[in-house]
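Visitor: Letter by letter, the chains look like this.
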Amino acid sequence: MKTMKKFVYAAAALLVTGGAAFAASAVNLDSEAHTLVVTEGGSQTELVVGAGETIEFCAAGCFVTMPNGDREVLSGSETIEISGGKGRVR
Amino acid sequence: MLLKLRTLPAFLCLVFLLAFGSLAAAQDTESFLEGQREMLSGIENSVAGLETEIGHQSTDDAELVDIRVELERLGREVFDASLAFRPRLSEINTRLEQLGEPRKEGEPPEPEEVTRERTRLLDEKASFNVLIGDAERLSVRIKTVIEEIAELRRDLFTRTLSRRYDISAAVSTDVLGEFTQELGRVYTRVSAWLSFTVKYRLKPLLLATALASIAALALLFGGRRLFDDFVEPDRSEQNPTYLSRLATALFSTLIPSVSYGTFLVLSYLFLDYFNLLRSDIAPLLWSLFSVIILVYFVYRLARAILAPRRPNWRLLPVRSQAAQWLLVLAVVTAVATGFDHFMDQVYSVLSSQLSLTVATSLVATVVVGLLIMAIGAVRPLEDEEGKPRQWPLKFRYLLFFIGAAIIIAALLGYIGFARFLSQQVVVTGAIIATMYIGFLTAGAITSEGAFAHSWFARRLERHTAFDETALDQLGLISGMIINVIVVLIGVPLILLQWGFRWADLTAWSYRIAGNIQIGSLSFSIMGIVTGIVVFVVGYFVTRWFQGWLDGKVMARSRMDSGVRNSIRTGVGYVGLVIAGLIGVSAAGINLSNLALVAGALSLGIGFGLQNIVSNFVSGLILLAERPFKAGDWIVAGAVSGTVKKISVRATEIETFQRQSVILPNSELINAAVGNWTHRNKLGRMEIAVGVAYGSDVRRVHEILLEIAKSHPMVLKNPEPFVLFAGFGDSSLDFEIRVYLSDILTQLEVQNGIRFAIVDAFEAEGIEIPFPQRDIHVRSGFLKPEEPELPEDGETDDLEEETPAEPGAEKVVRRRRRRKTDPE
Chain A
1 MKTMKKFVYA AAALLVTGGA AFAASAVNLD SEAHTLVVTE GGSQTELVVG
51 AGETIEFCAA GCFVTMPNGD REVLSGSETI EISGGKGRVR
Chain B
1 MLLKLRTLPA FLCLVFLLAF GSLAAAQDTE SFLEGQREML SGIENSVAGL
51 ETEIGHQSTD DAELVDIRVE LERLGREVFD ASLAFRPRLS EINTRLEQLG
101 EPRKEGEPPE PEEVTRERTR LLDEKASFNV LIGDAERLSV RIKTVIEEIA
151 ELRRDLFTRT LSRRYDISAA VSTDVLGEFT QELGRVYTRV SAWLSFTVKY
201 RLKPLLLATA LASIAALALL FGGRRLFDDF VEPDRSEQNP TYLSRLATAL
251 FSTLIPSVSY GTFLVLSYLF LDYFNLLRSD IAPLLWSLFS VIILVYFVYR
301 LARAILAPRR PNWRLLPVRS QAAQWLLVLA VVTAVATGFD HFMDQVYSVL
351 SSQLSLTVAT SLVATVVVGL LIMAIGAVRP LEDEEGKPRQ WPLKFRYLLF
401 FIGAAIIIAA LLGYIGFARF LSQQVVVTGA IIATMYIGFL TAGAITSEGA
451 FAHSWFARRL ERHTAFDETA LDQLGLISGM IINVIVVLIG VPLILLQWGF
501 RWADLTAWSY RIAGNIQIGS LSFSIMGIVT GIVVFVVGYF VTRWFQGWLD
551 GKVMARSRMD SGVRNSIRTG VGYVGLVIAG LIGVSAAGIN LSNLALVAGA
601 LSLGIGFGLQ NIVSNFVSGL ILLAERPFKA GDWIVAGAVS GTVKKISVRA
651 TEIETFQRQS VILPNSELIN AAVGNWTHRN KLGRMEIAVG VAYGSDVRRV
701 HEILLEIAKS HPMVLKNPEP FVLFAGFGDS SLDFEIRVYL SDILTQLEVQ
751 NGIRFAIVDA FEAEGIEIPF PQRDIHVRSG FLKPEEPELP EDGETDDLEE
801 ETPAEPGAEK VVRRRRRRKT DPE
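Protein chains in written order, with my numbering: chain A, 1 to 90; chain B, 1 to 823.
It should be emphasised that the hints constitute simulated quantities derived from the structure, not laboratory data.
These figures come from a predicted structure and were not determined experimentally.
We put the beta carbon where it would ideally sit given N, CA and C, even for glycine.
Careful: at least some of the hints might be erroneous.
[To be verified] Simulated pairs of lysine-lysine, DSS-like, Cα-Cα distance not exceeding 30 Å:
1) B:Lys104 x B:Lys143
2) A:Lys86 x B:Lys104
3) B:Lys125 x A:Lys86
[Claimed, not checked] Stretch by stretch, here's where chain A covers chain B in the computed footprint (C-beta under 8 Å, at least three residues):
4) 80-90
5) 209-222
Could you put together the complete structure from these sequences and hints?
Guide: Next comes the structure, spelled out in structure tokens:
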């Protein structure tokens, strides 16, 4: 019974701490806002990343056009750093 | 200047490398680009081909699903192809950064190679970007087509159900003639195929049948052997338990059905494998087999639930006669639906007239409708007086409503809808009934004690070390597993009935296995399940390692049991933490998220969890420092007893009265703890004894020392000592001090020594005194000495008391004495 209890606690802890992550994120290191064009699941959206902001987007793969016109493909777990208008995948 | 000189060689080197490297790189990139371009255009062509195919196949649902699956695959390919650009792109970006910004006007011009290289890299990047842009457009296109397919399939489904046929042509008398004519054609075709096969391909035919039979027999006998008690229950059993009735119903339905189903499916597959099936025979055979499986399944299920010949095994509380009727009606309904399905296939193979299809379906659906209403009209239940009673009102109306709906739809010409409805009633009804039995079985197994008393558990108990509690928990788990299995098998089967395709279901399961997004939160069920499985495995590995370390390694090294316990506990916690961490990372959870949790926790620790954490840390210190270990006799404050278990929060101490005291670890760390058995169990014990004044104290000393020395459990070194402790009120006090090798045996030793003392003193005539007070009575010349005698009150008292009984006199005297002697 005691082991069962331990299991339940551990599983609960796992579920509580889990649940997040699994998305790509974009960090804007510049002092001005930048716009990313994101194509995900057949629809295109413009994503504005404010200065110094970090946003999460693109859960399952998407195409991204960087502020400087570079294109990238994200599989859904990367981090993009934007500095000087250039985007770079980490 | 010096700096410039030093950087010059490096710079030259870079230029050199660029000049040589760029040539090779350019060629390499060109071929890579060419490959990707070709791949993308290939995918684009396939997409275009599929698009035109959709136009042709817009009426075939299965074909549309196949196209969608193919499109999804192509979508993934496009994605992977674009992902392949990333290393190249980042390489280009790095090199561009190394080259730096182009020189502005007024600055010294840069070497020509650098300019050329930069241009080349920018060109390359531009062509990459163009290709990725193409891929992006292609992926959007694929997604659009997939949505289009979904739209088409929805339309198709509605059209099938809502199409209205003209049934006036179907009810003419010619139809019967045509029907017999078609049957004749089927007969000719089948007999032609059969005679050809028997004549020329007998060997493969026999082989195929034999192989299928072997497989089916293996399944049948294997299943029977395992679940024999369920498939053919013991008829003599008068009062089967609810669980065994349910399990019998479930297994006696599933095992024979699955065996025969396997036989038919395998026969078909083997016949197909040996090329024995002609293109017209194959669909006929397939639909015949599926109809047989369906009818057989419905028969087994109805028989299992109704058990017309065995009232005590019946799951539904209906009368025996009604059970017989219901069984027949259910089977006939299944046969009618199956017949309709089979004939539809026949007509499509023979390309018969539409009127024939309409006529057959009309008859079949009307029959099914009537049968369903007949089931509703049966009086299966018993009222209080034992007379037949009808179904509950709602259920009866439901059956009547469905039956009427089927008949009306068919008569109005909505044959597609009527067929859909009747098929749903038979097949979905059968599946749901089976699932329901499965759920009930799971519930019955989960209920307390049910599993522990089943035959399976009894068998387990005989061969394994499970006790009743473990078996009960096992029952809980198996109940849950049965539920999951029922859902996993039943739900897809029902969805397949409702017009979903197998490919739909696999696509869904892929999606479920992938990420699920709810708002900004996204997670993958598969990941979490993997994490939990990894954790459970890690947990058991830890347990095993713990057991192995404790039982094999540490037991052999003759380690102290306390140390063993400490190490065991420590290893257990470390293993648990490691298993947790591995599980968390296997679940794909970013551990940096835990930092947030830790931050929040530290605030909580500051306030609320202070005590818990302090106890926890104290527990770790106890395990490491080991001021006491399990089995020690300790005294902590008011608690004295044996340490049973040192846990991370609290320590369990058992007093000698067998009371368990749970002492928080921090108290054991912060306050003084006495340990009688810290390094060893050696300890001193004292026995006090007093002898009367006037005894021969030297003789007493001698006797006591002799007794102490002669006790077998008293240590010779340090040797026993007898202390002449003092002059007491009524005795001369002695104290025997002896050392014992095991302080825990002191009670026994105390008893032995005390008995010996009493015996020896008796023999020597030495008295052991008890507190006593001597009373000296003085009498005779009290009166003349009393100065206050003339006072009235006192005299009266005396005068009254003197003649009284001697007891009263004593009281007065004592009072007097108290007056004179304040002692």
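Visitor: Now look at each hint and say whether the structure bears it out.
Guide: Results for each hint:
1. With a CA separation close to 46 Å, the supplied pair Lys104 of chain B and Lys143 of chain B exceeds the 30 Å bound.
2. With a C-alpha separation of about 20 Å, the suggested pairing of Lys86 of chain A with Lys104 of chain B holds against the 30 Å cut-off.
3. Distance check on the hinted pair: Lys125 of chain B and Lys86 of chain A sit about 13 Å apart at the alpha-carbon level, within 30 Å; holds.
4. Beta-carbon proximity to chain A at under 8 Å applies to 6 residues in the stretch 80-90 of chain B; the threshold of 3 is reached and the given coverage holds.
5. Restraint check on the stretch 209-222 of chain B versus chain A: 0 residues with Cβ-Cβ distances below 8 Å, three needed, restraint violated.
Consistency note: the structure conflicts with the earlier hints numbered 1 and 5.
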